[in-house]
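Trainee: Read off the chains here:
Number of protein chains: 2
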Amino acid sequence: MKKLPRARSGHPNILVEEVLRGDPRAVARVISQVEDDTQAAIPLLKELFSRTGRSLVIGITGPPGAGKSTLVDRLAGLYRKEDQRVGIIAVDPTSPFTGGAILGDRIRMQVHATDPGVFIRSMATRGHLGGLAKATQDVVSVLDAAGYQVVLVETVGVGQDEVDIVRTADVSVVVLMPDGGDDVQAMKAGLMEIGDLFVLNKSDKEGAERFERILLAILGGASRKDGWSPRLVKTVATQGEGVEEVKARIEEYRRHLRESPAARQHGEELARGRLLQLLRDRLLGRVLERVLDEATLERYSRSLAGRESDPYTITEQIMKKAGLK
Amino acid sequence: MKKLPRARSGHPNILVEEVLRGDPRAVARVISQVEDDTQAAIPLLKELFSRTGRSLVIGITGPPGAGKSTLVDRLAGLYRKEDQRVGIIAVDPTSPFTGGAILGDRIRMQVHATDPGVFIRSMATRGHLGGLAKATQDVVSVLDAAGYQVVLVETVGVGQDEVDIVRTADVSVVVLMPDGGDDVQAMKAGLMEIGDLFVLNKSDKEGAERFERILLAILGGASRKDGWSPRLVKTVATQGEGVEEVKARIEEYRRHLRESPAARQHGEELARGRLLQLLRDRLLGRVLERVLDEATLERYSRSLAGRESDPYTITEQIMKKAGLK
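Protein chains in written order, with our numbering: chain A, 1245 to 1569; chain G, 1245 to 1569.
Certain hints may be false.
Which copy is meant is left open, so a pair is good if it fits within one copy or across any two.
[As the list claims (entries may be wrong)] Keeping only pairs whose Cα atoms sit at most 20 Å apart, straight-line, the calculated SDA-like set for lysine to any residue is: (1) 1565 with 1366; (2) 1378 with 1495; (3) 1290 with 1561; (4) 1491 with 1324; (5) 1491 with 1272; (6) 1290 with 1549; (7) 1290 with 1546; (8) 1378 with 1516; (9) 1564 with 1533; (10) 1290 with 1557; (11) 1469 with 1257; (12) 1564 with 1547; (13) 1565 with 1534.
By construction, these hints were calculated from the structure, which means they are not laboratory data.
Just need the whole structure built from these sequences, with the hints factored in.
Mentor: As structure tokens, this is what we get:
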């Protein structure tokens, strides 16, 4: 119901041009609008979308403490040596168990703070209705359009949301560490589907060899339906050991993806997921904006809490009111 | 577009009556329909909802390996001694890092398999668009209506979804273990908001005292805006040590919640979140059913993958087609 002031004529186009030229301040401004989910972000995203699809988007996930931030840091450094511009998105879900990565992110900020070829953004969840995956994809699109050749998306959680976010990348890297070797066999189901590449970090630590054997037994030889056999790379990210190989393997997978007949299908599946998620969020947004005002929503909530009505009946009433076909 | 065969007249009512009488087979049948998200589930949930609100719903979360399943098991045992009927919902997000709990669940199944007073259900995520939180709430409602006085909801992940699920319980219990003492200070932000009660399990292990001191320093004395100061209980769940106190503290919090003026507000906030989530899912479901057929969705996905169109423009087209006010 709130109307935003109209943008000055031509203003969004200037901002789009600045983003396309790679101006970090313009990028930061558009990303803030995306994060705040303002109406103003939509025409910008529409304009920018056609200029996307050129970045290599690398998703990095794994349990807390595995050394994801350090690996991301080192990879960014290698790409910088090749003079590639690098975007880093650190996704911090609101969870009490992921604090370590927030600290890591702060340290990283300091390392790359003076390098204009690196753009770093932390993202956190807002509210119960998620939207983090959608916002992350939009931020990737902005960085992509702005000419960052490599975009690293790091998620610190290990839940469904985090896995979903990493799956939207071109290449998914799962970072593990030698601890918890007993659990890895239980991970077997689904492990290969999530990671295109596995990194055994802290591989100089006790138990690393045993853990490696278990992992290799799980990954060993098998290939997925897209014809790819996920690789395992051992690293000591703090020393930079093995990170060149991680980079090489990422690029190997990217080549595989480009040549594979499954690649087009993969792209279409990602697009479909993104569309459905956006549609779902905007349908709700529209209904909240036009049909369901705050007072009515409160009245409904009270009646539900008191068990005077049920959520299904109320939902049907709202959908009817929205005039939905 | 698919039409389901009409249920035989009176049939859903018989099923509802069987659930209300607490028949485990009827409960299992309705839960399956809820999980499969069939149209048939809706009239049943509508009927059952008015009979809910009597169970004590306990959410249990924490990092992998903290001993959640064992604690849930022991708590269930204590409530069974009081002849209370107990429902257990183990939420297993599709994540490679949570395999341990699946194993734990299998073991638990064996322990309680012969006790008709315990109903155990594992739930897993389906697809990218989540819906796990919604399905979990519906399953809690079914168990609540069926007269299970205590419903334990265990989530094994540590991401946003999992935290959201636990927050919908009456009482949230966060289970920690002495490992990772260095990380706990980073957890500080948000920790108190998630747990009404903290359990330091495996408290006979090395480092437990130090970990306890850190936790107490974080929790110590402070109270939340609802007037509650989250408690810390030390347990060795495998030995049953401290589990009685966990139970006592859960009940203490429940009394606090009942007497607190914040309780009504808490209930209304939960109801509001549940309503919005359901509305969002059903809006998308309706659009997919009536406006957006599979062929069109595929065409859109292809055009997005090829950057011929952008998701925002397509979404607006679909919303227009849906006739949404």
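Trainee: Look at each hint and say if it fits the structure.
Mentor: Going down the list of hints, with the structure as the test:
In this assembly of identical chains, the alpha carbons of residue 1565 and residue 1366 never lie at most 20 Å apart, being 39 Å within a copy and 37 Å across copies at closest. In this assembly of identical chains, residue 1378 and residue 1495 lie within 20 Å of each other by CA distance neither inside one copy nor across copies; the values are 26 Å within and 39 Å between. When the C-alpha separation of residue 1290 and residue 1561 is checked against a cutoff of 20 Å, the pair qualifies only between copies, where the shortest distance is 13 Å, while the shortest distance within a copy is 33 Å. With identical chains, the CA atoms of residue 1491 and residue 1324 are at most 20 Å apart within one copy only, with a shortest distance of 12 Å there and 55 Å across copies.
With identical chains, the CA atoms of residue 1491 and residue 1272 are never at most 20 Å apart, being 27 Å at best within one copy and 49 Å at best between copies. In the homo-oligomer, the alpha carbons of residue 1290 and residue 1549 lie at most 20 Å apart only across protomers (14 Å), although the nearest pairing inside one protomer, at 40 Å, exceeds that limit. Only between protomers do residue 1290 and residue 1546 lie at most 20 Å apart by alpha-carbon distance; the minimum there is 17 Å, versus 39 Å within a single protomer. In this assembly of identical chains, residue 1378 and residue 1516 lie within 20 Å of each other by CA distance solely inside one copy; the values are 12 Å within and 22 Å between copies.
For the identical chains of this complex, residue 1564 and residue 1533 are neighbours both inside a copy (15 Å) and across copies (15 Å), given an alpha-carbon limit of 20 Å. In the homo-oligomer, the alpha carbons of residue 1290 and residue 1557 lie at most 20 Å apart only across protomers (7 Å), although the nearest pairing inside one protomer, at 36 Å, exceeds that limit. In this assembly of identical chains, residue 1469 and residue 1257 lie within 20 Å of each other by CA distance neither inside one copy nor across copies; the values are 43 Å within and 46 Å between. Taking CA atoms no more than 20 Å apart as the test, residue 1564 paired with residue 1547 passes inside one copy only; the shortest distance there is 19 Å, against 32 Å between copies.
Taking identical chains as interchangeable, the C-alpha atoms of residue 1565 and residue 1534 lie at most 20 Å apart whether they share a chain (10 Å) or sit on different chains (17 Å).
Taken one by one, the earlier hints fail for this structure at numbers 1, 2, 5, 11, listed in ascending order.
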